[in-house]
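Colleague: Spelled out, the chains give:
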Amino acid sequence: MKNDTVNQHSRTWVAMMVLVVGVLAIVFGIALSISVGAANIHLSTVWEAIVHYNSNQTEHAIIRDLRLPRALADVLVGASFAVAGAIMQGMTRNPLADAGLLGLNAGSALMVAVCFAFLPGLSYNSLILFSFLGAAVAAGLVYGISSLARGGLTPVRLVLAGAAVSALLTALSEGIAIHFQLSQELAFWYAGGVAGVKWSQLKVMTPWLVIALVGALLLSRSITLLSLGDEVATGLGQKTVLVKMVGTIIVLLLAGVSVSAVGPIGFVGLVVPHFARFFVGVDYRWIIPCSAVIGGGFMIIADIGARMINPPYETPIGVLFALIGVPFFLYVSRKGRREIS
Amino acid sequence: MIVTENLDIAYDQTLIVKQLNVEIPPHKITALVGANGSGKSTILKTMARLMKPKSGHVLLDGKAIHRLKTKEVAKQLAILPQNPTAPEGMTVIDLVTYGRFPHQRGFGSLTQKDKEVILWAIEATGMEEFAYRPVDQLSGGQRQRAWIAMALAQETPILFLDEPTTFLDMAHQLEVLNLLEELHEKEQRTIVMVVHDLNHASRYAHHMIAIKKGTVVKAGTPMEVMQPDIIEEVFGIQCDIIQDPRTGLPLCLPYAISRSQKEPVIV
Ligand SMILES: Nc1ncnc2c1ncn2[C@@H]1O[C@H](COP(=O)(O)OP(=O)(O)OP(=O)(O)O)[C@@H](O)[C@H]1O
Ligand SMILES: [Mg+2]
Numbered sequence: 012m013k014n015d016t017v018n019q020h021s022r023t024w025v026a027m028m029v030l031v032v033g034v035l036a037i038v039f040g041i042a043l044s045i046s047v048g049a050a051n052i053h054l055s056t057v058w059e060a061i062v063h064y065n066s067n068q069t070e071h072a073i074i075r076d077l078r079l080p081r082a083l084a085d086v087l088v089g090a091s092f093a094v095a096g097a098i099m100q101g102m103t104r105n106p107l108a109d110a111g112l113l114g115l116n117a118g119s120a121l122m123v124a125v126c127f128a129f130l131p132g133l134s135y136n137s138l139i140l141f142s143f144l145g146a147a148v149a150a151g152l153v154y155g156i157s158s159l160a161r162g163g164l165t166p167v168r169l170v171l172a173g174a175a176v177s178a179l180l181t182a183l184s185e186g187i188a189i190h191f192q193l194s195q196e197l198a199f200w201y202a203g204g205v206a207g208v209k210w211s212q213l214k215v216m217t218p219w220l221v222i223a224l225v226g227a228l229l230l231s232r233s234i235t236l237l238s239l240g241d242e243v244a245t246g247l248g249q250k251t252v253l254v255k256m257v258g259t260i261i262v263l264l265l266a267g268v269s270v271s272a273v274g275p276i277g278f279v280g281l282v283v284p285h286f287a288r289f290f291v292g293v294d295y296r297w298i299i300p301c302s303a304v305i306g307g308g309f310m311i312i313a314d315i316g317a318r319m320i321n322p323p324y325e326t327p328i329g330v331l332f333a334l335i336g337v338p339f340f341l342y343v344s345r346k347g348r349r350e351i352s
Numbered sequence: 029m030i031v032t033e034n035l036d037i038a039y040d041q042t043l044i045v046k047q048l049n050v051e052i053p054p055h056k057i058t059a060l061v062g063a064n065g066s067g068k069s070t071i072l073k074t075m076a077r078l079m080k081p082k083s084g085h086v087l088l089d090g091k092a093i094h095r096l097k098t099k100e101v102a103k104q105l106a107i108l109p110q111n112p113t114a115p116e117g118m119t120v121i122d123l124v125t126y127g128r129f130p131h132q133r134g135f136g137s138l139t140q141k142d143k144e145v146i147l148w149a150i151e152a153t154g155m156e157e158f159a160y161r162p163v164d165q166l167s168g169g170q171r172q173r174a175w176i177a178m179a180l181a182q183e184t185p186i187l188f189l190d191e192p193t194t195f196l197d198m199a200h201q202l203e204v205l206n207l208l209e210e211l212h213e214k215e216q217r218t219i220v221m222v223v224h225d226l227n228h229a230s231r232y233a234h235h236m237i238a239i240k241k242g243t244v245v246k247a248g249t250p251m252e253v254m255q256p257d258i259i260e261e262v263f264g265i266q267c268d269i270i271q272d273p274r275t276g277l278p279l280c281l282p283y284a285i286s287r288s289q290k291e292p293v294i295v
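Residue numbers (our numbering), protein chains in the order written: chain A, 12 to 352; chain B, 29 to 295.
Check the hints yourself; a few may be wrong.
Distance condition first, Cα-Cα at most 30 Å in a straight line; then the derived DSBU-like pairs of lysine-lysine [unchecked claim]:
(1) A/250 / B/73
(2) A/250 / B/46
(3) B/141 / A/250
(4) B/80 / A/255
(5) A/250 / B/99
(6) B/82 / B/99
(7) B/82 / A/255
(8) A/209 / B/214
(9) B/141 / B/246
(10) B/91 / B/214
(11) B/214 / B/97
(12) B/80 / B/99
(13) B/246 / A/250
(14) B/82 / B/241
(15) A/255 / B/240
(16) A/255 / B/91
(17) B/97 / A/255
(18) B/80 / B/91
(19) B/103 / A/214
(20) B/46 / B/56
(21) B/241 / B/91
Short, incomplete list of chain B residues facing chain A, as computed with Cβ under 10 Å [to be verified]:
(22) 76
(23) 77
(24) 78
(25) 103
(26) 112
(27) 119
(28) 262
(29) 265
Please keep in mind that the hints were generated in silico from the structure rather than gathered at the bench.
Ideal placement from N, C-alpha and C gives every residue a C-beta, glycine not left out.
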């Protein structure tokens, strides 16, 4: 029992390492992401553009207006999807929970398509609100359908209902896109595009996401308790209903705002928390910050990959993630089969 | 002291417990006994405010427990539910550490006192050698003891345990029961446990409550509850009650299933 403190320290140490390495990877990723693209820009020019910006130089303009917001959006959105997934997995005690899988992303995407079709010229502020509402409605639908069934809410039912609702909502958005001839506008956005993010959008979404991420950190300890089960958590003096409500709002914000900016990017939220758990164990005080950093890093690197696979064309980032995510998903569902069914 | 007043408890619309009035005597060990599905766990969870009753009250020292701050209740009362599951990969020591939650503030760093209690709980349940093993990779009995250690780490004057001895071998059953007896004797803790072994109830409990279909058939000392007619009514078995030669307490020796209780055999 003497190595008690030692063990505690070693886990803290691993978590710190993950955070430091992750942040370094993000910084490196941002630099790389700015210099790589249809027009390659030298790193020294990148530095120059940041330190002494010269609006007459096209390269500086590309960096400032296109590449920098894109890189920042990658990090922010990657972190948000990952943290949303981590919270959902902890709250529902379901290793397969994820904003994409449970229909939240599809709900947001449908609302955005509806806004494009019926309310063109809507401000980005309002679009975010609609996107948030879309996520909330989808969450309500999935939750309602799976708890209506006899025997109540089980992880499998939740995922099945999520898949069904996702399919329905996605079909609806596609229908709207075809009927209103929005395919051009929406097509890339659906497959998950960070390419179009502008400063004006970034300014609106950043405060929301930062608030939600900080909220997630503050909630992290309560989520660990919830992961012991509702009964045990209540027995230990946790206000489970309150925690779940706050947690749900945070998840809806993270997913809704992110989808409104970059479209429904799946699998980040599913995969990243499992990586984080692999390194730092079961404590959400570490899982959440590490998911944020790994998710941000993952996303920016995937986005660089998306631009390098087939230049000058950009491979949709959602496709890249599905490529990594699907095998991982199968692995997790096999490993956890006994608890899941 | 815990008292229930006209408790009705339901899952959705099905009423499971009707007009329950029980008293849990303070500083004693109480055993809840009854057949599978009779409502023992439901009653235990409601008395520990994990479930809301449909109507009626549970009073803890005269105050309605469902209106008290849940964290304050958690300092008074620890409950081990029937089938808790830990997240994959959570170690025993992690789990026991969460037992200190009601005593912590903010982000929860451990004080010296917390650490001492955690180590004591692990030792008291004989879990030293498994402290760093993931709970989900332990045997059923080891896992049960890990959860008991968590409840002990909560350090509450009242302890509720739902079938603390299931999965345990005979030596570990006695070990857990002896530990509970010791907690009662040394620290005058109030303990309520659900047990299926009537002879354990008789040997360790001062007070027994026999439940059938959500109502109390008989409450009293083991001597009063361990009667052949009561046991036949509650469990549907016929038994002889003899005196334990060592302790003088009643022992139940079942010999037959009551006619009306027999399931029809389909060949
Ligand atoms: N979550 C639930 N939803 C609906 N009905 C339930 C639920 N939990 C228990 N019940 C029903 O309530 C009744 C009492 O269940 P309870 O778990 O309290 O029994 P118990 O006495 O603890 O049984 P056991 O000895 O098997 O643990 C049973 O008929 C059971 O089917
Ligand atoms: Mg039970």
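Colleague: Would you mind marking each hint as holding or not holding in the structure?
Modeller: Okay, the hints, checked on the actual structure:
1. With a C-alpha separation of about 16 Å, the suggested pairing of residue 250 of chain A with residue 73 of chain B holds against the 30 Å cut-off.
2. Between the alpha carbons of residue 250 of chain A and residue 46 of chain B the distance comes to roughly 27 Å, so the proposed pair stays at or under 30 Å and holds.
3. At roughly 25 Å between alpha-carbon atoms, residue 141 of chain B and residue 250 of chain A fall within 30 Å of each other, so this suggested pair holds.
4. Distance hint between residue 80 of chain B and residue 255 of chain A is fulfilled; the C-alpha atoms sit about 18 Å from each other, no more than 30 Å.
5. A threshold of 30 Å between alpha carbons decides the hint, and for residue 250 of chain A with residue 99 of chain B the separation of about 8 Å falls inside it, so the pair holds.
6. Under the criterion of a C-alpha separation no larger than 30 Å, the hint pairing residue 82 of chain B with residue 99 of chain B is consistent with the structure, at around 23 Å.
7. With a C-alpha separation of about 23 Å, the suggested pairing of residue 82 of chain B with residue 255 of chain A holds against the 30 Å cut-off.
8. About 69 Å separates the Cα atoms of residue 209 of chain A and residue 214 of chain B, which puts this hinted pair outside 30 Å; it is violated.
9. As the CA atoms of residue 141 of chain B and residue 246 of chain B are separated by approximately 42 Å, the hinted pair breaks the 30 Å bound.
10. A distance of roughly 27 Å separates the Cα atoms of residue 91 of chain B and residue 214 of chain B; the hinted pair therefore holds under the 30 Å criterion.
11. Distance hint between residue 214 of chain B and residue 97 of chain B is fulfilled; the C-alpha atoms sit about 28 Å from each other, no more than 30 Å.
12. For the proposed pair residue 80 of chain B and residue 99 of chain B, the alpha carbon gap of about 16 Å is at most 30 Å, so the pair holds.
13. Simply put, residue 246 of chain B and residue 250 of chain A have alpha-carbon atoms about 35 Å apart, too far for the 30 Å limit, and the pair is violated.
14. A threshold of 30 Å between alpha carbons decides the hint, and for residue 82 of chain B with residue 241 of chain B the separation of about 17 Å falls inside it, so the pair holds.
15. Between residue 255 of chain A and residue 240 of chain B, the direct Cα distance comes to roughly 35 Å. Violation of the 30 Å bound is thereby established for this hinted pair.
16. Only pairs whose Cα atoms come within 30 Å are accepted, and residue 255 of chain A paired with residue 91 of chain B is accepted, the gap being roughly 27 Å.
17. Distance hint between residue 97 of chain B and residue 255 of chain A is fulfilled; the C-alpha atoms sit about 18 Å from each other, no more than 30 Å.
18. Among the hinted pairs, residue 80 of chain B with residue 91 of chain B is consistent with the structure: their alpha-carbon atoms are about 15 Å apart, no more than 30 Å.
19. With a C-alpha separation of about 46 Å, the suggested pair residue 103 of chain B and residue 214 of chain A falls outside the 30 Å cut-off, and the hint is violated.
20. Distance hint between residue 46 of chain B and residue 56 of chain B is fulfilled; the C-alpha atoms sit about 25 Å from each other, no more than 30 Å.
21. Restraint check for residue 241 of chain B and residue 91 of chain B: the C-alpha separation of about 27 Å stays at or below 30 Å, so the hint holds.
22. Interface restraint check: residue 76 of chain B against chain A, minimum CB-CB distance 6 Å, threshold 10 Å, status holds.
23. At its closest, the beta carbon of residue 77 of chain B sits 7 Å from a beta carbon of chain A; the interface hint therefore holds under the 10 Å criterion.
24. Nearest Cβ of chain A to the Cβ of residue 78 of chain B: about 5 Å, under the 10 Å cut. The hint holds.
25. Restraint check, residue 103 of chain B versus chain A: the minimum CB separation of about 7 Å is within 10 Å; hint holds.
26. At its closest, the beta carbon of residue 112 of chain B sits 5 Å from a beta carbon of chain A; the interface hint therefore holds under the 10 Å criterion.
27. A cut of 10 Å between beta carbons decides the hint on residue 119 of chain B: the least distance to chain A is about 8 Å, and the hint holds.
28. Restraint check, residue 262 of chain B versus chain A: the minimum CB separation of about 26 Å is more than 10 Å; hint violated.
29. Nearest Cβ of chain A to the Cβ of residue 265 of chain B: about 31 Å, over the 10 Å cut. The hint is violated.
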